[in-house]
Amino acid sequence: MQQFVNITLNGLSQGAIYAAFALALVLIWRATRIINFAQGAMAMFTTYLALPLIESGQSYWAGFAAALVAGLVLGALVERIVMRPVEGGPELNAVIVTLGLFIALQALAAILFGATFQSFPAPFGLRGFTVGEFTIAFTPFSVFVIGSVLVVMLALTALFRFTDLGLRMRASAFSQEVSRLLGVRVGRMLTLGWAFAAVVGSLAGLLIAGGNLVHPAYMDAVIVYGFVAAVLGGLESPGGAVAGGLIIGLALSYVSGYLGSELVTLAALGILVAVLLVRPRGLFTRVAERRV
Amino acid sequence: MRRPGHRGLATGALAAIAALLISSCGAGGRPEEGEGGGASDVGVTAESVKVGGHFPLTGVAAPGYSEIPTGAKAYFDYVNANGGVHGRTIDYVYRDDAYNPTNTSQVVNELVLQDEIFAMVGGLGTPTHSAVLDFLNGEGVPDLFVSSGSLLWNQPGKNPQTFGWQPDYEVEGKIIGQYVKQHLPDAKVGLFLQDDDFGDDGEKGARAYIGDQIVAAERYAPGNTDVAPQIAALQAAGADVVIGFNVPSYTALSQLTAMRLNYRPQWIYSNVGSDPALVGSLLSRFSEGKVTDAAMLEGVITTEYLPGVDAPDNPWTRLWQRVWDAHGGRGELTNYRIYGMAQAYTFVQALQAAGPEPTREGIVRALEEVGGELRGPAFVPYRYSADSHAGLGGVKVVRIAGDATEDLGPVLVTGNGDTEITEYTEQHAGPPANGIPNVEPVS
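Chains as they are written, first to last, in the working numbering: chain R, 185 to 476; chain P, 44 to 486.
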């Protein structure tokens, strides 16, 4: 029983991290209509930027804020400098460019920060809560992770559903020309979409790094599972991304705990294939058909 | 804006041309030299012997392991500065495979076909080195002292060029198993295993002694850093002793996860995963009030087969310190660097035994003939013979206490399968005064 509870709770906190990452993918998808494979590498990079700050005696939160701001700037710069030339062309071009960026950032991080494992501090305790005589696999930091993910999810939903800005972002993503005719500054909207997505990505990077070991490739697994989570949720809805993340987190934790750790990646692939076969538009999309 | 780019390009082009020139010189110059003490085989010239290795310099297995080749390099430089072996310097090339077997195949191809090394020395890792075992044996490259305790390296019939070096995991598992049986007979034992030969061989050894005490065997897939489900399962099975056959980063991860679950068994880690300095440094950032301090491994039981940095007065450690101070690069002497130096020492012994005209065939034959008699930095001898390419045959069980270790028993030796565990009584001799072995050439 205790094992089941612990595996479940572990799955939830892992799932929250995948969800955070899936949210970043959803955001950029809704704002620019491309899948950003460099998201994980960008998050890794900004997380690494926080490390020397915290090392030099600043508080964890100073590093945390610095990483988020760095994410905002990095996202905007990447859109302006790297993505702008390929925007408006075939979608595949943009996707390939993000793949290249992914590799370049990872190599750059290895050069700048070293390729070895380093531990990353956490702002809250890493000991599980005690319930009765048991200690459960749920730490104050897990609460922080899940709380942050929920806040981001609500903020994104509000952004896209209730604000003028969200509407303009969605419009520019769907049809640049029409939006431009209607007076939307499309270029700015795209930059903003990338910047916001990079902030959410940075947050995911920080959440998974906290109380764990980081190295330049530490986001790789999260990219894969976060992508599966986003597809599961339909790539459109923030709520779907979070649900997808939690489902993936739980499923993989059960597979690892009861079937074997070696089957985890296979299980993720199985889930992805099954979802794409049965509901290619994801479990949580309401819009049946929307092609541009 | 433009100029630096051009200069970079020019430098790159120059470097490429230089590399081409050098490699073509090497390839062209080799076979012509006929005079004595010259080029007796691939990778051997009148002045040098070229050897290679593959190591994880980046990625999950890099902490610790990436220091091994720096130690070996320092010792080879020390030998070179003191006249080399039979007048030849040792030219040591090592490449990064990131602990990824696909990369290993590629870099070993480069080492053998492009760098034209005489022998492999200390190639690291079970999954990685398995990928190049057939290639190296097919090419007839001596594959000496694999940095892994897998049983795969001891198959002289199938892989005549390959030799193990460190105590294999089965031997270690047996000795740990016997210790638990004798000293913790009522304990419920859980196993935390890397899901490959490393974990399997260790489990085999341990089960030979405590098969009835083992209540759970959990495996982790290397690369998957979430080990909470495995640790939760060990906890649920009620294991109060956990034996880990895992790499150092997973020692840190298992300790972190156990802390999260408030799970406090007696931890026993195999030698491979237990370096206190490395694991301590991995865990040190969590120490701000949450973990007592870097001495998180206090009281952990492990094994030893080489005197390490925690015994600074041991004559071998003093030699390694001297070598590192004179020829080392950045950083301090660590147990991983000592491991690399000890391997390099063994290679120098083997090269001396191969005589003034070393050939690939000759060095293998020399190891089979006199390898079992070689004595060096390890507490116990190698098991090399014509029928065995197994490395060191034993370890001693120790407990980590502060920055050092304390012995929990004598040095024990055994073999694979049913071989009994016996106490090893030969006094461990110090190194030669000049720090360089002096082995007579075979025949």
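If you are wondering where the hints come from, they were derived from the structure by calculation, not from laboratory data.
A portion of the hints provided could be inaccurate.
To be verified - Using 25 angstroms as the maximum straight-line C-alpha spacing, the simulated SDA-like pairs for lysine to any residue come out as follows:
| id | chain 1 | residue 1 | chain 2 | residue 2 |
| --- | --- | --- | --- | --- |
| 1 | P | 231 | R | 319 |
| 2 | P | 247 | R | 288 |
| 3 | P | 247 | R | 186 |
| 4 | P | 224 | P | 153 |
| 5 | P | 231 | P | 444 |
| 6 | P | 247 | R | 319 |
| 7 | P | 201 | P | 153 |
| 8 | P | 224 | P | 466 |
| 9 | P | 231 | P | 264 |
| 10 | P | 247 | P | 452 |
| 11 | P | 224 | P | 428 |
| 12 | P | 231 | P | 260 |
| 13 | P | 231 | P | 280 |
| 14 | P | 224 | P | 459 |
| 15 | P | 224 | P | 281 |
| 16 | P | 231 | R | 188 |
| 17 | P | 224 | P | 139 |
| 18 | P | 247 | R | 188 |
| 19 | P | 247 | R | 447 |
| 20 | P | 201 | P | 462 |
| 21 | P | 231 | R | 317 |
| 22 | P | 201 | P | 231 |
| 23 | P | 247 | P | 198 |
| 24 | P | 224 | P | 198 |
| 25 | P | 231 | R | 442 |
| 26 | P | 231 | R | 186 |
| 27 | P | 231 | R | 236 |
| 28 | P | 231 | R | 248 |
| 29 | P | 231 | R | 189 |
| 30 | P | 231 | P | 308 |
| 31 | P | 231 | R | 318 |
| 32 | P | 201 | P | 444 |
| 33 | P | 231 | R | 187 |
| 34 | P | 247 | P | 202 |
| 35 | P | 231 | R | 244 |
As the list claims (entries may be wrong) - Have a look at the derived ranges for each label pair, beta carbon to beta carbon:
| id | chain 1 | residue 1 | chain 2 | residue 2 | range |
| --- | --- | --- | --- | --- | --- |
| 36 | R | 447 | P | 225 | 34 to 40 angstroms |
| 37 | P | 452 | R | 243 | 43 to 49 angstroms |
| 38 | P | 149 | R | 186 | 42 to 48 angstroms |
| 39 | R | 311 | P | 446 | 22 to 28 angstroms |
| 40 | R | 446 | P | 130 | 49 to 55 angstroms |
Fair warning: this is a prediction, and the values are worked out from it, not measured in the lab.
By construction, the Cβ of each residue, glycine as well, lies at the ideal position given by its N, Cα and C atoms.
Taking the hints in turn, this is what the structure says about them:
no.: 1; hint: P/231 with R/319; result: holds, 20 angstroms
no.: 2; hint: P/247 with R/288; result: violated, 43 angstroms
no.: 3; hint: P/247 with R/186; result: violated, 29 angstroms
no.: 4; hint: P/224 with P/153; result: violated, 47 angstroms
no.: 5; hint: P/231 with P/444; result: holds, 24 angstroms
no.: 6; hint: P/247 with R/319; result: violated, 32 angstroms
no.: 7; hint: P/201 with P/153; result: holds, 24 angstroms
no.: 8; hint: P/224 with P/466; result: holds, 16 angstroms
no.: 9; hint: P/231 with P/264; result: holds, 24 angstroms
no.: 10; hint: P/247 with P/452; result: holds, 22 angstroms
no.: 11; hint: P/224 with P/428; result: violated, 32 angstroms
no.: 12; hint: P/231 with P/260; result: holds, 12 angstroms
no.: 13; hint: P/231 with P/280; result: holds, 9 angstroms
no.: 14; hint: P/224 with P/459; result: holds, 18 angstroms
no.: 15; hint: P/224 with P/281; result: holds, 18 angstroms
no.: 16; hint: P/231 with R/188; result: holds, 21 angstroms
no.: 17; hint: P/224 with P/139; result: violated, 41 angstroms
no.: 18; hint: P/247 with R/188; result: violated, 29 angstroms
no.: 19; hint: P/247 with R/447; result: holds, 23 angstroms
no.: 20; hint: P/201 with P/462; result: holds, 22 angstroms
no.: 21; hint: P/231 with R/317; result: holds, 21 angstroms
no.: 22; hint: P/201 with P/231; result: violated, 39 angstroms
no.: 23; hint: P/247 with P/198; result: holds, 18 angstroms
no.: 24; hint: P/224 with P/198; result: violated, 30 angstroms
no.: 25; hint: P/231 with R/442; result: holds, 20 angstroms
no.: 26; hint: P/231 with R/186; result: holds, 18 angstroms
no.: 27; hint: P/231 with R/236; result: violated, 43 angstroms
no.: 28; hint: P/231 with R/248; result: violated, 43 angstroms
no.: 29; hint: P/231 with R/189; result: holds, 22 angstroms
no.: 30; hint: P/231 with P/308; result: holds, 10 angstroms
no.: 31; hint: P/231 with R/318; result: holds, 19 angstroms
no.: 32; hint: P/201 with P/444; result: violated, 43 angstroms
no.: 33; hint: P/231 with R/187; result: holds, 17 angstroms
no.: 34; hint: P/247 with P/202; result: holds, 22 angstroms
no.: 35; hint: P/231 with R/244; result: violated, 40 angstroms
no.: 36; hint: R/447 with P/225: 34 to 40 angstroms; result: holds, 37 angstroms
no.: 37; hint: P/452 with R/243: 43 to 49 angstroms; result: holds, 48 angstroms
no.: 38; hint: P/149 with R/186: 42 to 48 angstroms; result: holds, 46 angstroms
no.: 39; hint: R/311 with P/446: 22 to 28 angstroms; result: holds, 25 angstroms
no.: 40; hint: R/446 with P/130: 49 to 55 angstroms; result: holds, 51 angstroms
Hint compliance for this structure: hints 2, 3, 4, 6, 11, 17, 18, 22, 24, 27, 28, 32, 35 are not met, and every other hint is.
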